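Asker: So you can see what is in the structure, the chains are spelled out below.
Number of protein chains: 2
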Amino acid sequence: MISQTRRLRRTPFSDGVEAQGVSAYTVYNRMLLPTVFESVEADYHHLKKHVQVWDVACERQVELRGPDASRLMQMLTPRDLRGMGVGQCYYVPIVDETGGMLNDPVAVKLSEDRWWISIADSDLLLWVKGVANGYRLDVLVDEPDVSPLGIQGPKSDELMARVFGDAVRDIRFFRYGVFDFEGRDMVIARSGYSKQGGFEIYVEGGDIGMPLWDALFKAGEDLQVRAGCPNGIERIEGGLLSYGNDMTDDNTPHECGLGKFCNTHTAIGCIGRDALLRVAKEGPVQQIRPIAIAGDPVPGCDRVWPLYAGDKRVGQVTSAAWSPDFNTNVAIGMVRMTHWDAGTELRVDIKGEERAAVVQEKFWL
Amino acid sequence: MISQTRRLRRTPFSDGVEAQGVSAYTVYNRMLLPTVFESVEADYHHLKKHVQVWDVACERQVELRGPDASRLMQMLTPRDLRGMGVGQCYYVPIVDETGGMLNDPVAVKLSEDRWWISIADSDLLLWVKGVANGYRLDVLVDEPDVSPLGIQGPKSDELMARVFGDAVRDIRFFRYGVFDFEGRDMVIARSGYSKQGGFEIYVEGGDIGMPLWDALFKAGEDLQVRAGCPNGIERIEGGLLSYGNDMTDDNTPHECGLGKFCNTHTAIGCIGRDALLRVAKEGPVQQIRPIAIAGDPVPGCDRVWPLYAGDKRVGQVTSAAWSPDFNTNVAIGMVRMTHWDAGTELRVDIKGEERAAVVQEKFWL
Numbered sequence: 001m002i003s004q005t006r007r008l009r010r011t012p013f014s015d016g017v018e019a020q021g022v023s024a025y026t027v028y029n030r031m032l033l034p035t036v037f038e039s040v041e042a043d044y045h046h047l048k049k050h051v052q053v054w055d056v057a058c059e060r061q062v063e064l065r066g067p068d069a070s071r072l073m074q075m076l077t078p079r080d081l082r083g084m085g086v087g088q089c090y091y092v093p094i095v096d097e098t099g100g101m102l103n104d105p106v107a108v109k110l111s112e113d114r115w116w117i118s119i120a121d122s123d124l125l126l127w128v129k130g131v132a133n134g135y136r137l138d139v140l141v142d143e144p145d146v147s148p149l150g151i152q153g154p155k156s157d158e159l160m161a162r163v164f165g166d167a168v169r170d171i172r173f174f175r176y177g178v179f180d181f182e183g184r185d186m187v188i189a190r191s192g193y194s195k196q197g198g199f200e201i202y203v204e205g206g207d208i209g210m211p212l213w214d215a216l217f218k219a220g221e222d223l224q225v226r227a228g229c230p231n232g233i234e235r236i237e238g239g240l241l242s243y244g245n246d247m248t249d250d251n252t253p254h255e256c257g258l259g260k261f262c263n264t265h266t267a268i269g270c271i272g273r274d275a276l277l278r279v280a281k282e283g284p285v286q287q288i289r290p291i292a293i294a295g296d297p298v299p300g301c302d303r304v305w306p307l308y309a310g311d312k313r314v315g316q317v318t319s320a321a322w323s324p325d326f327n328t329n330v331a332i333g334m335v336r337m338t339h340w341d342a343g344t345e346l347r348v349d350i351k352g353e354e355r356a357a358v359v360q361e362k363f364w365l
Numbered sequence: 001m002i003s004q005t006r007r008l009r010r011t012p013f014s015d016g017v018e019a020q021g022v023s024a025y026t027v028y029n030r031m032l033l034p035t036v037f038e039s040v041e042a043d044y045h046h047l048k049k050h051v052q053v054w055d056v057a058c059e060r061q062v063e064l065r066g067p068d069a070s071r072l073m074q075m076l077t078p079r080d081l082r083g084m085g086v087g088q089c090y091y092v093p094i095v096d097e098t099g100g101m102l103n104d105p106v107a108v109k110l111s112e113d114r115w116w117i118s119i120a121d122s123d124l125l126l127w128v129k130g131v132a133n134g135y136r137l138d139v140l141v142d143e144p145d146v147s148p149l150g151i152q153g154p155k156s157d158e159l160m161a162r163v164f165g166d167a168v169r170d171i172r173f174f175r176y177g178v179f180d181f182e183g184r185d186m187v188i189a190r191s192g193y194s195k196q197g198g199f200e201i202y203v204e205g206g207d208i209g210m211p212l213w214d215a216l217f218k219a220g221e222d223l224q225v226r227a228g229c230p231n232g233i234e235r236i237e238g239g240l241l242s243y244g245n246d247m248t249d250d251n252t253p254h255e256c257g258l259g260k261f262c263n264t265h266t267a268i269g270c271i272g273r274d275a276l277l278r279v280a281k282e283g284p285v286q287q288i289r290p291i292a293i294a295g296d297p298v299p300g301c302d303r304v305w306p307l308y309a310g311d312k313r314v315g316q317v318t319s320a321a322w323s324p325d326f327n328t329n330v331a332i333g334m335v336r337m338t339h340w341d342a343g344t345e346l347r348v349d350i351k352g353e354e355r356a357a358v359v360q361e362k363f364w365l
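Protein sequence lines correspond, in order, to chains A and B.
Per our numbering, numbering through the first sequence is continuous, rising by one, with the last residue being 365.
Per our numbering, numbering through the second sequence is continuous, rising by one, with the last residue being 365.
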């Protein structure tokens with residue numbers, strides 16, 4: 001059971017989530033994030049077939065505004081942002097001075113001097129504020145009243161077109177447009193934490209949250225729209241990483257397989273650049289891999305499960321679930337380079353029970 | 001229900017907590033914090049009469065180490081630290097450049113160049129790292145493997161003496177000593193998040209957590225020692241504030257009644273000093289107050305409850321519980337200066353239900 005207090009913040013959509021019968025939560029950025037409605041498996045099948053509305057308000061925004069906003073944004077990430085235009089969203093690893101991951105958010109460029117960073121589960125606001133203060137940058141940094149609402153699933157385009165007009169269909173992947181809802185501007189991006197397609201609506205002003213929620217459900221009745229949430233099976237099948245689960249500040253972006261988002265040579269000004277130059281050159285000694293675990297459905301992965309080759313510990317599993325569609329336990333783990341080749345047979349220790357595990361070539365998706 | 005994943009970190013004591021029958025959790029610093037064992041009320045009576053062992057590992061430490069450690073520590077807080085010696089613990093409001101509270105931790109001075117900051121619920125580590133980096137300070141900042149274990153209740157001295165020897169009885173309030181357990185040094189402070197007296201053991205190294213836990217329970221059998229946790233009734237009676245519940249980064253220390261911990265004129269170097277000088281001079285326009293709420297036991301305070309005088313909103317309640325010992329609903333709220341005098345009669349809106357509420361002279365304790 002979870003004890004609900006003000007500290008675990010409700011969202012503009014919490015009343016809607018409760019009315020739709022949420023049955024479990026997690027806490028993410030000190031905010032409630034639904035994890036189950038009907039059941040993880042029923043939610044999973046529905047997500048892959050229909051369309052869901054997700055309360056992901058817990059993806060809080062860090063807003064940078066002012067003449068130094070773009071300079072500060074580049075200080076935070078090894079991804080080269082020079083080619084990024086207004087209207088684009090970039091997945092950006094955020095690193096500290098040692099190259100350790102502090103967050104893996106999506107940056108939204110609103111104008112040359114205004115950005116939103118849509119964060120994973122850590123108080124990135126405090127890092128950004130500390131850096132801005134220490135370097136005496138001319139920029140305002142705060143958390144605005146903006147709450148993302150996810151629309152995910154194969155019928156997302158149809159549902160969104162009914163509420164915002166057909167122009168939403170033209171939004172390209174990781175681009176956004178600005179659309180009207182009841183006289184209010186909303187940033188709508190084609191993005192989201194599933195592989196089923198969809199959008200994220202950056203809802204500015206908590207008061208408009210429930211009117212939008214209700215409009216979406218009304219418009220989508222015949223589409224079988226339901227409340228949903230990031231799905232613990234689907235996101236592992238698709239290899240979507242979870243900060244705090246699959247990586248922490250112990251890990252570099254390269255260990256997380258995010259080297260393709262690092263332009264270490266050209267990302268001039270990035271605080272962690274020096275530390276990452278060597279990693280970029282020599283490569284990491286451990287890396288995230290998809291892993292199949294044999295046997296019956298595994299329990300919830302509430303702690304690290306060590307991976308062994310013989311008596312030697314060679315890694316760990318950090319997320320796992322039974323996949324109905326692929327008929328195996330799908331998992332995400334960090335594996336030493338000596339044992340990370342596809343097909344490598346390992347053993348995983350699940351709270352004292354040993355299971356066979358095999359490194360996969362790629363995620364299932 | 002709460003979905004348990006690695007991201008919501010277990011503690012070195014989680015196995016013990018589960019064996020003792022924890023029945024509810026909250027999440028604090030992305031770590032599990034027990035909130036109920038038998039029931040909030042049964043736990044409350046036991047805490048006031050016997051002794052409890054609390055898994056408060058979620059009070060993570062931010063360690064500062066290096067030549068600039070003391071300088072950095074003073075940059076973080078408006079409390080003047082010049083008179084603080086090794087062996088002392090200080091409750092220190094931490095503020096940003098606007099004077100907004102980022103955390104309300106306890107600072108532990110281990111030596112002139114080494115500090116622990118025992119934090120409330122926000123990633124203070126990221127603020128401190130950002131500041132240290134921006135100001136190019138010569139200091140290491142990280143989160144060590146240190147997990148506080150609370151011993152609280154009137155029989156705390158007796159239990160602790162049995163495990164650590166009679167010298168623990170001599171530790172003064174907000175002082176610490178270093179004691180041996182199975183060949184390991186442990187910092188033990190007379191402090192804790194209750195008004196019933198007790199200690200906090202800073203357990204260094206997760207591996208020694210359960211041996212210590214077991215030793216405490218074995219030594220305290222006849223003292224009726226039990227697993228416990230910060231108690232939602234007792235802490236409100238005693239006026240112990242909760243960061244995220246009773247105050248946020250919107251509030252200054254003065255609004256939180258923590259002006260006595262601010263030496264704004266002499267805390268040279270504090271980042272928020274300029275912003276707080278005016279507040280210190282003119283006083284805040286709203287402040288935290290004890291508030292009694294009439295009627296039957298109130299529900300859990302999972303969101304802000306507005307306070308009204310006539311039609312005018314004059315504040316909000318942020319924590320509340322039924323107190324068996326004082327036979328009223330005890331509450332903590334933030335009240336505008338026009339209505340904060342003791343005895344002022346207000347109305348509180350509890351999710352649509354109005355109740356009479358009266359500002360109190362002091363907390364119940």
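Some hints here could point you the wrong way.
Which chain A residues stay away from chain B? Per the calculated CB distances, all over 10 Å, these [claimed, not checked]:
1) G85
2) F179
3) D222
Okay, the calculated beta carbon distance ranges per label pair [to be verified]:
4) B:E97 - A:F363: 38 to 48 Å
5) B:M1 - A:G352: 17 to 27 Å
6) A:G83 - B:K351: 21 to 31 Å
7) B:A342 - A:D142: 46 to 56 Å
8) A:E18 - B:R313: 17 to 27 Å
These aren't lab readings, by the way, just hints derived from the structure by calculation.
Owing to the predicted nature of the structure, the values given are computational and were not obtained by experimental measurement.
Cβ coordinates follow ideal geometry from the N, Cα and C atoms, glycine included.
Asker: Hints numbered earlier in the text: which of these fail when held up against the supplied structure?
Answerer: 6 and 7
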